[in-house]
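Here is how the chains run, residue by residue.
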Amino acid sequence: MAAERWEVAIVGGGPAGAACAATLAQAGIRALLIEEHERLGGPTLRGETAAASPFSPAYRRASRILRSLGASAVFILGRRAVIGVEPGFRLLTAAEEGGVQEIACRRLLIATGARERFFPFPGWTLPGVIATGAVQILTKQGVLPASEFVVGGAGLFLVAAAADIVRRGGRVRALVDEGRLADRLPPPRLLLTQGAKMIDGLARTLRLLLSGGRIAHRTRLLEARGTERLREVVTARVDENGRLLVGSERIVPAAMLAIGFGFAANIEPAQLAGCPLVFEEELGGWLVQTDDALKTGVDGIYAAGEVTGIGGAEKSLLEGRLAGLALLEEMGRLDRSGRSEIRRLQRRRRRLLAFARWFNRQTRFSETYRANWVGALPEDLTICRCEQVRLGEIRRALASGCRTPAGIKKATRCGMGLCQGNTCKGILQEIVSALEALPPGGFPPPSVRMPLRPVDLGLLGGEGG
Amino acid sequence: MSETTAEVVIVGAGVIGAAIAFHLTRRGIRPLLVEKEDPAAGSSGACDGLVFLQSKKPGLHLELALESRRRFDELREILGPGIEFRATGGLCLIENDSELEVLRRWLAEQRAGGLSVELIDGTDLRGLEPLLSQRVIAASFSPLDAQVNPYALTFALIAAARAAGARLLAGEPVTGIEIASGRVQAVRTLRRRIATPLVVNAAGAHAPEIGRLAGITVPIRPRRGQLLVTAARPPMLRHGIISARYIAAKFNPELAVGGEMGFSLEQAESGNLLIGSTREFAGFDRRTTLAGIRSVARRILPVVPALAAVPVIRTFAGLRPYTPDGLPILGPVSGLEGFLMAAGHEGDGIALSAVTGELLAAHIAGERPAFPLDPFRLERFSQEAA
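Line by line, the protein sequences give chains A and B.
The numbering of the first sequence is this note's numbering, which starts it at -3 and goes up by one.
The numbering of the second sequence is this note's numbering, which starts it at 5 and goes up by one.
Wrong hints could be hidden among the right ones.
Said to hold, decoys possible - Calculated Cβ distances over 10 Å to all of chain A for the following chain B residues:
id, residue
1, Leu70
2, Ala253
3, Arg291
What the hints assert, rightly or not - Sample of chain B residues facing chain A (criterion: CB under 7 Å; computed from the structure):
id, residue
4, Leu64
5, Glu67
6, Asn153
7, Tyr155
8, Ala164
9, Ala235
10, Arg237
11, Pro239
12, Leu305
13, Ala310
14, Ile317
The hints are simulated quantities; they were obtained by calculation from the structure and are not laboratory data.
A virtual CB, placed ideally from N, CA and C, is assigned to each residue, including glycine.
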């Protein structure tokens, strides 16, 4: 396959990548769809699609697209991680077992999705503390890893994860959210345009409340406690500036704590490809810069889905379709009805972006708030779990004259471990900008180098490709 | 824009600038380090930690390196174990007879130059390093070769210098150098004017830009080296390792033509293995390339087959400040009083940092340096041209 040059390669088989592949297939273009996991669909659809919420048309549409792909001309390369991208449209992929492979293409769609953001607190590395996204994937597969949970962090996704737990028969003892209740209520404009989503959200909230789950806003995860594994969670109230209210601490026993602080786009493959980035706090931070037709700053490279702004499955499906049509137009394969569909999709996309901004705002806080939040963290708090770097070392690196997260990484080894900094590089940026009183996005995005996943040296040096 | 003054301004907080600052403070001179990014943001933070003597050309280069190596023992005492300096000894691996022949002559000259180094055969070699394959037929061994953590060294030098009164301005690119009647008057950054009689250009691969601000041409070019970093492993290697191909190519350029590239290999104190390195002229592009990192992997695998099962977790590239004759550019510049060069160490910056810091500091303090600076001055290139 090394000699073959694909007309279009799509990195990421979530809703956006799948929708783009289906669009191209309908027009007779044989695209290569590369997906890291065994199944397509991304975290929103992985597992049983039947378990998806009945109020969410996006899920139904996505699963229909996925079924259609099976019979189409799309070539699906599953369980393949893209570990390198080079300007000039060359990709390096690695299979979980087996070799690496170089792939050449003429055009590229980057639809690599998002990952959860975390904010550290004492005990966040204890066994029993997991990501809300992981809970979602497990519950969709019918697995409930514990019977009693605390769910905490910031944003609306906490409600979705908590509702999934309840639906599977679990108990949520408390849902702890940094944000204000008032910010959780959708503005009327969104109620009108995004009704289905709002009904879905309301249904999940009711399910949680009816099960006896307590929702606490303006409340922080102060500490996860336990010796071998999690035993209890300490929470405390905070004021509007993120300062702890002394005496408001509560101890909640829990076997499992699911945490989430919103999402960040998986921009790394686009970075390697040389695509310009843009920082938009309200769309999730660092994103791939695109125009109205989802073209990036590099000719022939498009981006769709969470990488252009965190917005959920519906936005991803729309953007996958839109990028597919834009690619067809670039290839001279689009008729007039296709062009008018592009304009329709662009209008709908603007409405979805308005929702996305509201959704992400739930997980973002003012500079003062973040300064108080970080200021209250203890010196011995682990920031980088791979290299065991603590907050105090980061403060000392700043005092020693380092100015940027990149410098602090060298001074402390924060982010140099086996996870390649994927967990802590965002945390480090947050912490340094808070300590230095800089706005988020005040630093360049963390630099990225191949390989995007650890790969055995024997494979890298093998003859693959 | 604010005003400040400094006895000496050092441009560049890499290992060279840091070493000069450190050695100045030991003489009671308190310099101001100006760095456009962060300490060790350039080549000093994107290299391996080999402090190698075997690779140095007998003569001036080796003498300089020997002096530097002696000073590392002292630095370890002062800066402490945090710099991870280890006198591991080093191996230079020989893979064929023509390399062996070159190395025999090279070693004779190195011994004459005062380096303790010996040739060992394949059997003895695999006794020292059991993971080396049969492909390696012999090696030269020097007990003086050592390893250090390059960024820990840079940060420790800066910390010690600051504790003794040096100042650091990170994140401040130098935008101008004021000169009046052939003398340096001040350095300008984006944020301030620093009145000073002395500027040291320790900007590594960026030294030509700083030179241009002072109206001088510095013949340094960025030469990219790509390296691989593996996950941490229990001890696999005891020595720092380089390929004899590098040396053979210096002696006999024909060996380099069409042949395989050299390599370097070390296991850092953290357990991560560092494997290098390409040598390419690619402008200021610090990206790693598929071809580059795969060529490094392909080169090392037949030499240490056990590495096949070790995961690569990171790659990086550093821009080595290359000079046409392979020697650094050190000392004053004629016709421009108050402007000093300390750049162009290519791949030797870490190894030569200690002696470079000492020589420049001695010169600035008005002492007679342990080494004459003349052979290293910038003028050597214009003489060649004339």
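Hints versus structure:
1. Leu70: Label holds. Min Cβ-Cβ 29 Å, cutoff 10 Å.
2. Ala253: holds (22 Å)
3. Arg291: violated (7 Å)
4. Leu64: violated (32 Å)
5. Glu67: violated (31 Å)
6. Asn153: Result: violated, 10 Å to nearest chain A Cβ.
7. Tyr155: Nearest chain A Cβ about 5 Å off; hint holds.
8. Ala164: violated (11 Å)
9. Ala235: holds (5 Å)
10. Arg237: violated (11 Å)
11. Pro239: Because about 17 Å separates Pro239/B from the closest Cβ in chain A, which is outside the 7 Å limit, the hint is violated.
12. Leu305: Interface hint status for Leu305/B: holds (5 Å vs cutoff 7 Å).
13. Ala310: With a minimum Cβ separation of about 10 Å from chain A (threshold 7 Å), the hint on Ala310/B is violated.
14. Ile317: holds (5 Å)
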